[in-house]
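Asks: Top line first, the protein sequences correspond to chains A and B. With numbering that gives the first Met the number 0 applied, the first sequence has no gaps in its numbers, which climb one by one up to 162 at the end. With numbering that gives the first Met the number 0 applied, the second sequence has no gaps in its numbers, which climb one by one up to 162 at the end.
You may find that some hints are simply not true.
Put simply, identical chains are the same to the list, so a pair is met inside one copy or across any two.
Calculated pairs, DSS-like style, for lysine-lysine (alpha carbon to alpha carbon, straight line, at most 30 Å) [to be verified]:
#1 LYS107 x LYS14
#2 LYS57 x LYS21
#3 LYS21 x LYS134
#4 LYS94 x LYS21
#5 LYS127 x LYS21
#6 LYS127 x LYS94
#7 LYS134 x LYS14
#8 LYS57 x LYS127
#9 LYS86 x LYS127
#10 LYS57 x LYS86
#11 LYS57 x LYS94
#12 LYS107 x LYS57
#13 LYS127 x LYS107
#14 LYS21 x LYS86
Bear in mind the hints are in silico, worked out from the structure with no lab data behind them.
Spelled out, the chains give:
Number of protein chains: 2
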Amino acid sequence: MAMHVLVERLNINYKTLEEFRKFRENGLEELSMLEDLQANLIEDNSSSPFYGIYHDGKLVARMSLYPIEARFDRYFTPPRDHYELWKLEVLPGYKGRGYGRALVNHAKSLGRPIKTNVRYGAQDFFVKLGFRPLKYSPTRDRGENPYVWIPQEQTEEDATRLR
Amino acid sequence: MAMHVLVERLNINYKTLEEFRKFRENGLEELSMLEDLQANLIEDNSSSPFYGIYHDGKLVARMSLYPIEARFDRYFTPPRDHYELWKLEVLPGYKGRGYGRALVNHAKSLGRPIKTNVRYGAQDFFVKLGFRPLKYSPTRDRGENPYVWIPQEQTEEDATRLR
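Full structure from sequences and hints, please.
Replies: Listed below in structure tokens is the structure:
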């Protein structure tokens, strides 16, 4: 039986940014948040696009979930408000506990379609969670592996098609 | 002294696609090329966006270089025709021989600005080759770490600025 795992929306503060440094995918985005905080361009504890899971008070898994408006949608027909999911990562020593799945399920619970770029080795993980690959488009995808998940639609007429 | 390393434009054929399977970043793009070849949608030996280095007849390093027209440019001011570089990868056992550098230098020799998404651990490699990080934009970059390289400009007036 899976334990209940709490997924929390992360606030941007020095503690969070310090915890982010343990994750592999730590780059210009995190640096930019730190600079904005230092320059008072954003307030301490501003809400971020990151969600995470704590274990014994320590951030051990995270993902970023960025809302994309329908007018910027390049993946669904008709265009839809959706989320772009990236930086899904569980720290070494905390894998195999369902934390990654809990994060993705949280994203799905928000009720919008999701697009993500699936890295080598993670295809099965996302397929098991109901995602499927899109047909590759060189101009749109530029080397990405776009996979999408769509909430169950009410009727056939409502069905969202993929590009 | 560095040996001369030959960088070749790769053609899409069954042999190339079979060699691509040894690389980690093998996904929808390579699958799409295979399907197009099987369905006769493209000819055998069509030119691809990939460049590679062979050692004893075996493909041991590759990159993809995709031309972006100025009207689709989101990185330079004024907008410029440039290349997007991705899937730069050297097979295990062939690292430390300058193959990655030779591929990037080949891209630079084409005379256009280059944009790439730098992964964790590769920042120093690209900075040494004259690339620099852009200011992170959440809407544009969505978790990417965009680094760019710009050819030396003739005059101050010609100088390309970064967004």
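Asks: Decide, hint by hint, whether the structure agrees.
Replies: Hint check:
1. Only within a single protomer do LYS107 and LYS14 lie at most 30 Å apart by alpha-carbon distance; the minimum there is 27 Å, versus 40 Å between protomers.
2. Proximity of LYS57 to LYS21 under the C-alpha cut-off of 30 Å is restricted to the intra-copy arrangement: shortest distance 11 Å within a copy versus 37 Å between copies.
3. In this homomeric assembly, LYS21 and LYS134 come within 30 Å of each other (Cα to Cα) only across copies, at 22 Å, whereas the closest approach inside a single copy is 34 Å.
4. Proximity of LYS94 to LYS21 under the C-alpha cut-off of 30 Å is found in both arrangements, the shortest distances being 15 Å within a copy and 26 Å between copies.
5. With identical chains, the CA atoms of LYS127 and LYS21 are at most 30 Å apart both within one copy (27 Å) and between copies (25 Å).
6. Proximity of LYS127 to LYS94 under the C-alpha cut-off of 30 Å is restricted to the intra-copy arrangement: shortest distance 17 Å within a copy versus 35 Å between copies.
7. For the homomeric pair LYS134 and LYS14, the shortest alpha-carbon distance between copies (23 Å) is at most 30 Å, but the shortest distance inside one copy (41 Å) is not.
8. With identical chains, the CA atoms of LYS57 and LYS127 are at most 30 Å apart within one copy only, with a shortest distance of 28 Å there and 35 Å across copies.
9. Taking the shortest Cα distances, LYS86 and LYS127 sit within 30 Å of each other both inside one copy (19 Å) and across copies (26 Å).
10. For a Cα distance limit of 30 Å, the shortest separation of LYS57 from LYS86 inside one copy, 18 Å, qualifies, whereas the shortest one across copies, 34 Å, does not.
11. Within a single copy, LYS57 and LYS94 get their C-alpha atoms as close as 14 Å, which meets the 30 Å cut-off; across copies the closest is 36 Å, which misses it.
12. For a Cα distance limit of 30 Å, the shortest separation of LYS107 from LYS57 inside one copy, 24 Å, qualifies, whereas the shortest one across copies, 44 Å, does not.
13. Taking the shortest Cα distances, LYS127 and LYS107 sit within 30 Å of each other inside one copy (13 Å), while across copies they are farther apart (41 Å).
14. In this assembly of identical chains, the alpha carbons of LYS21 and LYS86 lie at most 30 Å apart whether taken from the same copy (13 Å) or from different copies (25 Å).
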